[in-house]
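Taken in sequence, the protein lines are chains A and B. If you're matching positions, the first sequence starts at 1157 in this note's numbering and goes up one per residue. If you're matching positions, the second sequence starts at 1157 in this note's numbering and goes up one per residue.
Some hints could be false.
Which copy? The list can't say, so a pair holds if one copy fits it or any two copies do.
As the list claims (entries may be wrong) - Straight-line C-alpha distance at most 20 Å; calculated SDA-like pairs for lysine to any residue:
#: 1; residue 1: 1302; residue 2: 1319
#: 2; residue 1: 1188; residue 2: 1265
#: 3; residue 1: 1302; residue 2: 1277
#: 4; residue 1: 1302; residue 2: 1268
#: 5; residue 1: 1302; residue 2: 1398
#: 6; residue 1: 1302; residue 2: 1265
#: 7; residue 1: 1181; residue 2: 1170
#: 8; residue 1: 1188; residue 2: 1398
#: 9; residue 1: 1181; residue 2: 1489
#: 10; residue 1: 1181; residue 2: 1398
#: 11; residue 1: 1181; residue 2: 1295
#: 12; residue 1: 1181; residue 2: 1214
#: 13; residue 1: 1188; residue 2: 1375
#: 14; residue 1: 1302; residue 2: 1402
#: 15; residue 1: 1302; residue 2: 1271
#: 16; residue 1: 1302; residue 2: 1281
#: 17; residue 1: 1302; residue 2: 1227
#: 18; residue 1: 1181; residue 2: 1264
#: 19; residue 1: 1188; residue 2: 1169
#: 20; residue 1: 1188; residue 2: 1273
#: 21; residue 1: 1302; residue 2: 1264
#: 22; residue 1: 1302; residue 2: 1467
#: 23; residue 1: 1302; residue 2: 1174
#: 24; residue 1: 1188; residue 2: 1270
#: 25; residue 1: 1188; residue 2: 1198
In case anyone wonders, no lab produced these hints; they're calculated from the structure.
Residues per chain are reported as follows:
Number of protein chains: 2
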Amino acid sequence: MSTLICPTPIATDDRVQLGHGSGGKMSAGLLKARFLPHFTNDVLAQLGDAAVVDVNGQEVAISTDTFVVNPLEFPGGNIGSLAVHGTVNDLAMMGARPVYLSAGFVLEEGLPFDVLDRVVSAMGEAARAAGVLLITGDTKVVERGKADGVFINTTGIGLMAPDFTPGPARARPGDAVLVSGPLGRHGIAIMTAREGLAFEAEIESDSAILYPLVERLRAAAGPDVHTLRDPTRGGVASALNEIAAASGVGIALVEPHIPIPPAVAAACEMLGFDPLYVANEGVLLAFVPEPLAEPCLAALRAHPLGRDAARIGRVVDTHPGMVVLETAIGGTRVVDMLPGDQLPRIC
Amino acid sequence: MSTLICPTPIATDDRVQLGHGSGGKMSAGLLKARFLPHFTNDVLAQLGDAAVVDVNGQEVAISTDTFVVNPLEFPGGNIGSLAVHGTVNDLAMMGARPVYLSAGFVLEEGLPFDVLDRVVSAMGEAARAAGVLLITGDTKVVERGKADGVFINTTGIGLMAPDFTPGPARARPGDAVLVSGPLGRHGIAIMTAREGLAFEAEIESDSAILYPLVERLRAAAGPDVHTLRDPTRGGVASALNEIAAASGVGIALVEPHIPIPPAVAAACEMLGFDPLYVANEGVLLAFVPEPLAEPCLAALRAHPLGRDAARIGRVVDTHPGMVVLETAIGGTRVVDMLPGDQLPRIC
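Please model the entire structure based on the sequences and the hints provided.
Have a look at this one:
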C-alpha cells in the first residue's frame, strides 16, 4: 500500500509565510485579519508611519520598527545604522522632529563581538547624526540557530510642529508627486551583498536621515506639504498605492521622469526586479500642490541628499485608489501592489 | 599527521554567549562594555527600569523590552500577555501610569496562525486590562529556522505623577523590604512547560499587571516609597543586588519570612534551583521607611494580587552593596548576583 505524497509544497493559509512580512498585500491582510481586531482604538486605526498622541498639549509621534535585514552588513551601512534611520525617518514622514529612541536587541548565541561592536557603533553614530538620544534599551540572547545574528527593534519618539501634519490621506488631485533622490539603491545593495553578486559599479545603500529634507519642505510649503512617505519595503509602487487608497485619489507617474540610476536599472534587469518595487532607505516622496512643486524641488536640491530630486507624477481624480505609469513609449500600465516579496528581509 | 582537537567547547570571550542575556553579571558586563560607550547621555546613564524625559512639562517614562520566552505558551499566560505585562510593569516600577504601547513582531515562517491568534488575542486582552492603548506596530517575517516562533518587542509610554519618583538608588538604611506575593512561579511554570515536567500541583506563572499595587502604595506612602522593582530575570536576588549597588546600602533578608510556595520550593529542590534567582512577572519589591511598612503591607493585601504580601528584610548601613540572608537556622549567607543564567529565555 502506498501513501500519496504531493511532490511540491502547497502554500497553506493556516501558517505564516515569508510574504506576510513583505509590506505588500499579504502584510496588509495579516494586519487586518490577525492584529487589528484585537487592538481597536482611534490612534492605531489611522495606520500612519507613526502614531500621534497628545502629551500635555504637545503632539507626540511614536513609531516602532524591527530590523531583520540579511546580511547584517552591506555597502553603505549595517543593521545598526539602518535601525536608526528607518525609525527616525518614519517619524519625519509624519512631520515630527525625532528626539528619543529606544533599542531592543535579540542576539544569537555565537555572534562575534566584532560584528556587534560595528553594529552598535554605527547605531551610536547614526543617532548622533540624527540628533536623537537613545535613552533606554534591552538585550536578549537566544540559542544558536534560534535567531539570525542580530535583530534590532527601535522605537522612536518625535515632536510634532504646529500646523504641519502631512499624512497618507491628505493627497489631493492637482498635487505634484516629488521624489527626493534616485531609487532602488538600498534593495539592490542588500541583494548583491546577500547573494555575493558583483556588478561593474558597486551600488551602496542610500540609507540616510531624511529629517533635514522634511525641514526644508516645511520651510518651503508649510501646511501645504500634504503627504510624505519613505518608500521602504515594497518600494515606490507600494507606498504610492497605500497613499492612493488612503486619500481616495489616483496617481499618474511619468516613467521617463523617475530617477533610476543606470547601475540599479542594470541590476534589476539582470535579477528580474522592477525598480519601482525595490526598497529605499534614504528617499522620500512628497505631495504638494502643483504651484509649490518648483519651490519644493529647489528646497530639496539645496541639500546634498536631495540633489537629484525630481517631479515624477501628479495626483488625478480619475481612477481613484489606483497608480498608473505613463511609459516612455506613450502607453500606460497599472502599477499594482505586489502580494508578497520581491526581496525578503530588506530591513 | 594529526590535528589536535579540543574535546570540549571552550568558552570564548569574543562571542556572545547565552549568559549575556541572563540579567546577571554577564548582562551587566555586556551593557557596560559593548553598548554604553556608544550612547552617552544623562537619561540612559541612569539605567532604571525605564527612562524618564520631559515632554512639555510632563515627565514621561519610556521602557522597552523584547520577549523571547520559550515555550510561547505556558500555564498562566503566553508571550503576548507577558509582552504587555513585562513592559507596563517596568513603567509602573518607575511610578508611572502606563498609557501607550507599541509592538514589534518577528514571526518565523511556518508559525501556525492559531498560535499567533492566541498570542495576539492575549496581548489585546492584557492591554485592555492594563488600561493601555497599543497605538503602533510592525511585523517582520524571517525564514524557517531563523527565529523561534515569535519574538515580540513592546515599548511603553507612561506618565509620571508629581512627587512620586521611586528609584533603584533611593533605598535608605532603615527601610523595610516588602514583597507583594509568593516568589518563583513564573520561572518554574516556564521550566516545567519547556521540559514537559509534571509536578503534583501545576504551577502557573504569576504574570500580571502591577500598576494597581503601585497606586495603592502611592496612596499609602506617597513620596516615601523609595524603591520599586519587579524581580524578573535573575529573580529577587539579582534585583536586590542591583538596588544595593545603586543605593550604596546593604540589604538583610530574613529567610523564614520570604514567601515561597511549597510547590515552587519542591520544584526548585528537584531541579537544583535557588528560588531567590527564579523569575517573577507579577510580584514587586517595595522599599519604604520602617514606620510605613505596616500601612503599606495593608494596602498591598487589600488587592487580590497582594494578598500574600510580606516583609522580607530591611536595609542596613553595614555591608553596603551586599545582600545577605539570615537563614532559618540562625546563620547568614551572602546572596550574590549570578554571573549567567539559571534559566535562559524566561521572558
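Results of checking the hints against the structure:
1. 1302 to 1319: So residue 1302 and residue 1319 fail the 20 Å test inside a copy (46 Å) and across (44 Å) alike.
2. 1188 to 1265: between (34 Å within a copy, 18 Å between copies)
3. 1302 to 1277: neither (24 Å within a copy, 24 Å between copies)
4. 1302 to 1268: Answer is both: 16 Å inside a copy and 17 Å across each meet the 20 Å cutoff.
5. 1302 to 1398: For residue 1302 and residue 1398, neither the intra-copy (34 Å) nor the inter-copy (29 Å) Cα distance is at most 20 Å.
6. 1302 to 1265: both (9 Å within a copy, 13 Å between copies)
7. 1181 to 1170: within (17 Å within a copy, 42 Å between copies)
8. 1188 to 1398: within (14 Å within a copy, 43 Å between copies)
9. 1181 to 1489: within (19 Å within a copy, 60 Å between copies)
10. 1181 to 1398: within (10 Å within a copy, 47 Å between copies)
11. 1181 to 1295: between (32 Å within a copy, 13 Å between copies)
12. 1181 to 1214: The answer is neither: 34 Å in one copy and 40 Å across copies each exceed 20 Å.
13. 1188 to 1375: neither (37 Å within a copy, 42 Å between copies)
14. 1302 to 1402: Classified as neither; 38 Å inside a copy, 34 Å across copies.
15. 1302 to 1271: both (18 Å within a copy, 18 Å between copies)
16. 1302 to 1281: Neither. Shortest intra-copy (29 Å) and inter-copy (28 Å) distances fail the 20 Å Cα cut-off.
17. 1302 to 1227: both (16 Å within a copy, 13 Å between copies)
18. 1181 to 1264: between (31 Å within a copy, 19 Å between copies)
19. 1188 to 1169: Close inside one copy (15 Å), not across copies (45 Å); limit 20 Å.
20. 1188 to 1273: Between copies only: 12 Å across, 38 Å inside.
21. 1302 to 1264: Both, since 7 Å and 10 Å are each at most 20 Å.
22. 1302 to 1467: Answer is neither: 45 Å inside a copy and 41 Å across each miss the 20 Å cutoff.
23. 1302 to 1174: Classified as both: same-chain Cα gap 17 Å, cross-chain 12 Å, threshold 20 Å.
24. 1188 to 1270: Intra 40 Å, inter 15 Å, cutoff 20 Å: inter-copy only.
25. 1188 to 1198: Answer is within; shortest intra-copy Cα gap is 15 Å, inter-copy 40 Å.
Hint compliance for this structure: hints 1, 3, 5, 12, 13, 14, 16, 22 are broken, all remaining hints hold.
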